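Start from the sequences, fold in the hints, and give me the full structure.
Protein chains: 2
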Amino acid sequence: MAASAPSSSAAEPEPNSAYLRPPTSGFLQKNNSLDEKSRIGGSFKERQSSKNVLSCENRDPRFGHTETDFSNLFARDLLPAKNGEEPTMQFLLEVVDILTNYIRKTFDRSTKVLDFHHPHQLLEGIEGFNLELSDQPESLEQILVDCRDTLKYGVRTGHPRFFNQLSSGLDIIGLAGEWLTSTANTNMFTYEIAPVFVLMEQLTLKKMREIVGWPGGEGDGIFSPGGAISNMYSVMVARYKYYPEVKTKGMSAAPRLILFTSEHSHYSIKKAGAALGFGVENVILLKCDERGRVIPADLEAKIIDAKQKGYVPLFVNATAGSTVYGAFDPINEIADLCEKYNMWLHVDGAWGGGLLMSRKHRHKLSGIERANSVTWNPHKMMGVPLQCSAILVREKGLLQGCNQMCAGYLFQPDKQYDVTYDTGDKAIQCGRHVDIFKFWLMWKAKGTSGFEQHINKCLELSEYLYTKIKNREGYEMVFQGEPQHTNVCFWYLPPSLRGMPDCPERRERLHKVAPKIKAMMMESGTTMVGYQPQGDKVNFFRMVVSNPAATKSDIDFLIEEIERLGQDL
Amino acid sequence: MAASAPSSSAAEPEPNSAYLRPPTSGFLQKNNSLDEKSRIGGSFKERQSSKNVLSCENRDPRFGHTETDFSNLFARDLLPAKNGEEPTMQFLLEVVDILTNYIRKTFDRSTKVLDFHHPHQLLEGIEGFNLELSDQPESLEQILVDCRDTLKYGVRTGHPRFFNQLSSGLDIIGLAGEWLTSTANTNMFTYEIAPVFVLMEQLTLKKMREIVGWPGGEGDGIFSPGGAISNMYSVMVARYKYYPEVKTKGMSAAPRLILFTSEHSHYSIKKAGAALGFGVENVILLKCDERGRVIPADLEAKIIDAKQKGYVPLFVNATAGSTVYGAFDPINEIADLCEKYNMWLHVDGAWGGGLLMSRKHRHKLSGIERANSVTWNPHKMMGVPLQCSAILVREKGLLQGCNQMCAGYLFQPDKQYDVTYDTGDKAIQCGRHVDIFKFWLMWKAKGTSGFEQHINKCLELSEYLYTKIKNREGYEMVFQGEPQHTNVCFWYLPPSLRGMPDCPERRERLHKVAPKIKAMMMESGTTMVGYQPQGDKVNFFRMVVSNPAATKSDIDFLIEEIERLGQDL
Chain A
1 MAASAPSSSA AEPEPNSAYL RPPTSGFLQK NNSLDEKSRI GGSFKERQSS
51 KNVLSCENRD PRFGHTETDF SNLFARDLLP AKNGEEPTMQ FLLEVVDILT
101 NYIRKTFDRS TKVLDFHHPH QLLEGIEGFN LELSDQPESL EQILVDCRDT
151 LKYGVRTGHP RFFNQLSSGL DIIGLAGEWL TSTANTNMFT YEIAPVFVLM
201 EQLTLKKMRE IVGWPGGEGD GIFSPGGAIS NMYSVMVARY KYYPEVKTKG
251 MSAAPRLILF TSEHSHYSIK KAGAALGFGV ENVILLKCDE RGRVIPADLE
301 AKIIDAKQKG YVPLFVNATA GSTVYGAFDP INEIADLCEK YNMWLHVDGA
351 WGGGLLMSRK HRHKLSGIER ANSVTWNPHK MMGVPLQCSA ILVREKGLLQ
401 GCNQMCAGYL FQPDKQYDVT YDTGDKAIQC GRHVDIFKFW LMWKAKGTSG
451 FEQHINKCLE LSEYLYTKIK NREGYEMVFQ GEPQHTNVCF WYLPPSLRGM
501 PDCPERRERL HKVAPKIKAM MMESGTTMVG YQPQGDKVNF FRMVVSNPAA
551 TKSDIDFLIE EIERLGQDL
Chain B
1 MAASAPSSSA AEPEPNSAYL RPPTSGFLQK NNSLDEKSRI GGSFKERQSS
51 KNVLSCENRD PRFGHTETDF SNLFARDLLP AKNGEEPTMQ FLLEVVDILT
101 NYIRKTFDRS TKVLDFHHPH QLLEGIEGFN LELSDQPESL EQILVDCRDT
151 LKYGVRTGHP RFFNQLSSGL DIIGLAGEWL TSTANTNMFT YEIAPVFVLM
201 EQLTLKKMRE IVGWPGGEGD GIFSPGGAIS NMYSVMVARY KYYPEVKTKG
251 MSAAPRLILF TSEHSHYSIK KAGAALGFGV ENVILLKCDE RGRVIPADLE
301 AKIIDAKQKG YVPLFVNATA GSTVYGAFDP INEIADLCEK YNMWLHVDGA
351 WGGGLLMSRK HRHKLSGIER ANSVTWNPHK MMGVPLQCSA ILVREKGLLQ
401 GCNQMCAGYL FQPDKQYDVT YDTGDKAIQC GRHVDIFKFW LMWKAKGTSG
451 FEQHINKCLE LSEYLYTKIK NREGYEMVFQ GEPQHTNVCF WYLPPSLRGM
501 PDCPERRERL HKVAPKIKAM MMESGTTMVG YQPQGDKVNF FRMVVSNPAA
551 TKSDIDFLIE EIERLGQDL
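If you read the protein sequences in the order shown, they are chains A and B. Letter by letter, the first sequence follows residues 1 to 569 in the UniProt record's numbering. Letter by letter, the second sequence follows residues 1 to 569 in the UniProt record's numbering.
Bear in mind the hints are in silico, worked out from the structure with no lab data behind them. The reader is advised that the hints may include incorrect statements.
For identical chains, the list gives no copy identity; a pair is met inside one copy or between any two copies.
[To be verified] Here are the simulated lysine-lysine pairs, DSS-like style, with alpha carbons at most 25 angstroms apart:
id : residue 1 : residue 2
1  : 152       : 415
2  : 512       : 470
3  : 206       : 241
4  : 415       : 516
5  : 396       : 415
Computed from a prediction, not measured in an experiment: that's the story for all the values here.
Next up, the structure:
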């Protein structure tokens, strides 16, 4: 049988046998824990102590949660165990103490962004942090240590100097929303078990469609597990609109269908093409100008070419905010071609969709109201915690028609409420995580105006960076002109490369600069920024700003750090 | 332009202008909040007060978090705002207070499972709970009220009498894990930004493969957003194994491919067939015996039939724990046929996979070690919070081969660490939520043995229910014999239907009984259990037990409640 079949549990302590011991010993004395505590700023108790309120706290042990000795408590002593309420509350407050310490330090610039270790180091178990799972339970004391260690060896994506991904920052309201979501622990598929969340999703999607510009906010949509899946939905829905028989008969019922997307677009369109049975060959990449924007004439030429071969151009993806350059494809010109050739227009605004919230910047998505579908990830530019991605569809009924299988055990037509509120049959998922609440709560707390301010501020910061480095010695911009989004793409040239004429050797050496600097950055833990090659361009840095904690001083720091680490390369 | 373009924010209060006021007024005086507080057990402050420690707490306002007046605080006053640390901590502690109250009440049988309202009632705004989003921010006081209201009008899926879905219960360790996960707020795609989580996923998947029975735990896998997506992966990988050219050329490069799954299986196989371009017509449903288990002879007949038509049988899904009956298909007999006809064997153990953890019950999945892929959702029978679903694949490299697109901006080959740890190119997603940590933490805290105990206990409870009702007046079992899983399927016959001979009128009336009782249950909020028709069988109750909080008394209560509500129908 299985190698890890559970072993006998004869030696286990009795449930509920020991907890709430007097504070004589406990995890404060453990090395690992002490170590971590000194690193991330001391326990709740220690902090209170330094404020001279510990004496007060000590008078009633029910009040001070660090009084509990977790070394003899186990998961089985928590709710629903008999008498489990008190240890449950103490345990959760201790966890919250760990988390609030982490949050405090995340926003503290004197804290490292990360404490880098190689996989083999973590697997070997650093300072007793043991990742292996075992047959027997560990004490809650050990579980708390594990929580601390997990955070200790992770990456602070909310740190003001974390610029590594399109998603960064730690929004406190969004975080509170996630804590509530996981406490509610329910599923989006029916109104029956998620009444409030289902309605929040409906209202929020309508608001997003209004902002896209569809009359009255009409249409459809769903939150999906990320932009790649949202883009996949767009392709599925487009196929269903034009060739509904594919649902029953498969791709052989349709002619050879062609999808178009730019060479700078996100790879998820190709993934969708592969997964959904189109084939990557039938995902035609379009040429871009030097700024990474699709060239409409190239699209038209390729549409004509496909038609001449007897293929059917089905779908165009216009990117609003490309991953690397932050480029916005000219949606109106693409929409004209889609109308002319009767094709589905999808706008991938996973990254750039957030700019719709800004009166100053939304013109960059001009024409988006002509799209048939839109991907928009609030978890990127709007700072919502991961994951939060919406697929919006202009025509109602297509999502449902495309995906529904009418499972009787979930979507009973004879429920007592209006079952059109059940969302499950629109999705390719069955169970679906509640991604809406944190976003809804942030919108309530910030207002549309708060998102606008956030977006404007991020774009100002990237303009600051662009202005700072465009003529600075040792920098070369990857493309000329002010970036459309917060993406600033540049090469840093160490002094040894400056003045060297363009030649294969220079290119080869320059290609290695960004990875080397990045590796040193991660080793020193001071900041993180992305790099990549693009087309025939060697590795360059891609700076992006979506973190509300970032300021000009952090941008200055990044530049200083690149120069400090890179000057001798 | 958009109807909801943000309006001017001239009238906004200054950031950081007012917080930490003396406790003279505030949200405790709001009706809605008071109302909720009395319902869910009082605020933290009130509870402390009843314990006579309030006087102590009041001495230092830094300590008692309810001292803060949130009515003049806004999201913009929280971190990263200047001086934002203190209000951030106070706000988060207040949120935690709301959540711990909710948790306390969730396990309290005197609390309702839900407070049902129709969609239109919630949309109209009950007791001031306004779901609409606005341009201007709301105060943190209002945000806290919104959090309370969201929980108030939701469904307590962790309540000991919530039996409505395969996922139920609220595991405290898992919950703590989710809170930490959302605080870490990172993404699974690279080791670079999720080093600890990536390793936890790798080790946990290996452990799961060992338990499945694959030698040395070898193979591959990934956590995906739910069982439907995991099943979709299995179909994609099977297609890639036999027809890798489909990835580039599309479905037209393959012959007509046939997928087999039972008439009792989850609808996600059909969804996958539709989405991936096979067509639902090419998903052949297999006949089941009276217990809902696939009849292998029917599979072989249908394989032969497909071959005779010139189609290619590609894939068989064997269900381990069907959704309604909890049936386990005979995996070994199906595996024999898959070997004989060179087909991919997938085992959908989304619901039944958990039984692998029990030495007593794992024989029901005998033969699973012969599968090419396995879906296993820890968020169902193992009580892990939503979402947590794994797709396991026996052959290494297929997931990567099938899905990789080698995006340069994420998966740079020239990173300083071993990039084989980057998981993103195995997935159809790009960003991927961290679903592993809560599961890993639960495994640490409970041990393999703890999961075993949980599973054995749930199966004992369902045996108790089965024994109780199988000969009880007014009950008819949907299938005879002891259930294989915790699913107990039965009709309740009100006295008016007892003794009536089987005829269309009886069937028609019986069909309406379960929906009526369920509606009354939801209106009274006492318990929740699922119902559905199946094939030619009219609506019946499907009871399932996965909630660790449930006891025999809750089973008794369910029966009493069905009889109380149904006796006059």
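Hints versus structure:
no.: 1; hint: 152 - 415; verdict: between (49 angstroms within a copy, 22 angstroms between copies)
no.: 2; hint: 512 - 470; verdict: within (21 angstroms within a copy, 73 angstroms between copies)
no.: 3; hint: 206 - 241; verdict: within (21 angstroms within a copy, 42 angstroms between copies)
no.: 4; hint: 415 - 516; verdict: between (61 angstroms within a copy, 8 angstroms between copies)
no.: 5; hint: 396 - 415; verdict: within (23 angstroms within a copy, 45 angstroms between copies)
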